[in-house]
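Engineer: Chain by chain, the residues run as shown.
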Amino acid sequence: MRKLAMAMVLGVMLTQAHADTVQPTEMNPRILFENNNLGNCLACHTVLNHPEMTAGNIGPPFIAMKERFPDKEKLREIIYDEQLNNPDTIMPPFGRNKVLTKEQIDVIVDYILQF
Amino acid sequence: MKASALFLILSFSLTAFAGEVVHTAGESETTAAATLAALRAYYQVTIPDVKGDAFVDGALNFNAGARQYNDFWEKRFKDDFDQPDEYRQAFADGKTLWDKPFSDGKSFSDCFPDGGRGAAAGYPKVDNHGAVVTFERALNLCLEMHHEQPLAYDNMKTIGALSLYARRLSDGARIHIEVKTKAEEAAFNRGKMLYYTRLGQLGMSCASCHIQQAGKTLRSEELSPVIGQEAHFPVFRPNRETAQLSVVTLQVRFQGCQKNVKVAQPFALNSAELNDLEYFHTYLSNGLPLHSGAFRK
Numbered sequence: 010m011r012k013l014a015m016a017m018v019l020g021v022m023l024t025q026a027h028a029d030t031v032q033p034t035e036m037n038p039r040i041l042f043e044n045n046n047l048g049n050c051l052a053c054h055t056v057l058n059h060p061e062m063t064a065g066n067i068g069p070p071f072i073a074m075k076e077r078f079p080d081k082e083k084l085r086e087i088i089y090d091e092q093l094n095n096p097d098t099i100m101p102p103f104g105r106n107k108v109l110t111k112e113q114i115d116v117i118v119d120y121i122l123q124f
Numbered sequence: 327m328k329a330s331a332l333f334l335i336l337s338f339s340l341t342a343f344a345g346e347v348v349h350t351a352g353e354s355e356t357t358a359a360a361t362l363a364a365l366r367a368y369y370q371v372t373i374p375d376v377k378g379d380a381f382v383d384g385a386l387n388f389n390a391g392a393r394q395y396n397d398f399w400e401k402r403f404k405d406d407f408d409q410p411d412e413y414r415q416a417f418a419d420g421k422t423l424w425d426k427p428f429s430d431g432k433s434f435s436d437c438f439p440d441g442g443r444g445a446a447a448g449y450p451k452v453d454n455h456g457a458v459v460t461f462e463r464a465l466n467l468c469l470e471m472h473h474e475q476p477l478a479y480d481n482m483k484t485i486g487a488l489s490l491y492a493r494r495l496s497d498g499a500r501i502h503i504e505v506k507t508k509a510e511e512a513a514f515n516r517g518k519m520l521y522y523t524r525l526g527q528l529g530m531s532c533a534s535c536h537i538q539q540a541g542k543t544l545r546s547e548e549l550s551p552v553i554g555q556e557a558h559f560p561v562f563r564p565n566r567e568t569a570q571l572s573v574v575t576l577q578v579r580f581q582g583c584q585k586n587v588k589v590a591q592p593f594a595l596n597s598a599e600l601n602d603l604e605y606f607h608t609y610l611s612n613g614l615p616l617h618s619g620a621f622r623k
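Residue numbers (the numbering used here), protein chains in the order written: chain A, 10 to 124; chain B, 327 to 623.
By construction, these hints were calculated from the structure, which means they are not laboratory data.
Among these hints, one or two may not hold up.
What the hints assert, rightly or not - No more than 27 Å apart at the CA atoms, straight line, and that leaves these computed lysine-lysine pairs for DSSO-like:
id, chain 1, residue 1, chain 2, residue 2
1, B, K588, A, K111
2, A, K111, A, K81
3, A, K83, B, K542
4, B, K588, A, K107
5, A, K111, B, K451
Stated by the list, open to error - Stretches of chain B that chain A covers, calculated by requiring three or more beta carbons in the stretch to come under 8 Å of a beta carbon on chain A:
id, segment
6, 354-367
7, 490-498
8, 539-550
Claimed, not checked - To list a few chain B residues with every Cβ distance to chain A over 10 Å, as calculated:
id, residue
9, G378
10, A392
11, Y395
12, D406
13, F417
14, D430
15, D436
16, P439
17, G444
18, A457
19, H472
20, A512
21, N612
22, A620
Heads up, the beta-carbon is just placed ideally off N, CA and C, and yes, glycines get one too.
With the hints as extra help, turn the sequences into a complete structure.
Structural biologist: Pasting the structure below:
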């Protein structure tokens, strides 16, 4: 519990530090994945193998990603615009609404596939 | 040149309104009563432990730690020795404004039946022109009627404090909003449309979080159901770094949600859009007891 609290405090501090320094050309996978102005993946998805990375339970957890997504393209499409598959989803259309560039989405896809 | 500017403005305002609707509970129902019934039925399935007046506690229902933290502040609010200065000051400012006679000798208590007791539970109302009048707008209309300057809707030290105090006069009164006339139905439907429409760069609707995902956790905060949200506003919220409390009215909170989903230009306070939204939003809390000045983190 204490560890989780520490991780959350650290996480908040980190994201705040990043918020001022985020570049539109940001390519650091961890920053793209975590920052609340960029991917903000942890807001809704948990990483089951890393309990310290738990802040949300809205989306499906990141687990067995390579087995679930043998085709990378499927994962890329979900991040680009999940509304195409699932019109009433809460998942933001990161690519269509230009929250992330295509190149940034590629970096996130590769990052998530490690889980 | 002019035509192209007009076209630009039009296309922007169209994208703002012609958004995609999220089809979730209550969206397809055509009357106010049916919408509320559908939401209650949905929550009975998704958050079955939240019942009756417990809806007023919103997200606190889903997180024991959050409830403990909230109780800690609420206890301080009631403690004469430990009462936070900002809390005491806001109610004192509100009372001063409420009691101060206008230049014609009248005061706010003359604008509402029973000196304002219980009045807030019947707001927002729809006026003769079909426009929604929120309780804050009614306070300003009272000032205007007595030839006084209305208060700015973004000034939490004036309208925020006044609303806090004036709503406290209705403490425990149960919200009763009627949607009966054609004008009321139209206002309800306009507010409802906005509630289910995706907004901002993140393309999320109010309903995405507070209906579809209510009870779930988002970036370590639980999402409250729409039913019950309106009952405890204005709220006191602490500054993230200093824990300094500030008053937040419902429409300022609406703007906060819009900023969260990256709406470039949030709807203005007391705009027709936010007033319609507040009318729809308040109807859904019908029957729940008012308690202004609650703590929310």
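Engineer: Each hint should be assessed against the structure and marked as holding or not.
Structural biologist: Hint check:
no.: 1; hint: B:K588 to A:K111; result: 20 Å, holds
no.: 2; hint: A:K111 to A:K81; result: 14 Å, holds
no.: 3; hint: A:K83 to B:K542; result: 26 Å, holds
no.: 4; hint: B:K588 to A:K107; result: 12 Å, holds
no.: 5; hint: A:K111 to B:K451; result: 48 Å, violated
no.: 6; hint: 354-367; result: violated (count 0)
no.: 7; hint: 490-498; result: violated (count 0)
no.: 8; hint: 539-550; result: holds (count 6)
no.: 9; hint: G378; result: 26 Å, holds
no.: 10; hint: A392; result: 13 Å, holds
no.: 11; hint: Y395; result: 13 Å, holds
no.: 12; hint: D406; result: 32 Å, holds
no.: 13; hint: F417; result: 31 Å, holds
no.: 14; hint: D430; result: 51 Å, holds
no.: 15; hint: D436; result: 47 Å, holds
no.: 16; hint: P439; result: 43 Å, holds
no.: 17; hint: G444; result: 38 Å, holds
no.: 18; hint: A457; result: 31 Å, holds
no.: 19; hint: H472; result: 46 Å, holds
no.: 20; hint: A512; result: 25 Å, holds
no.: 21; hint: N612; result: 26 Å, holds
no.: 22; hint: A620; result: 24 Å, holds
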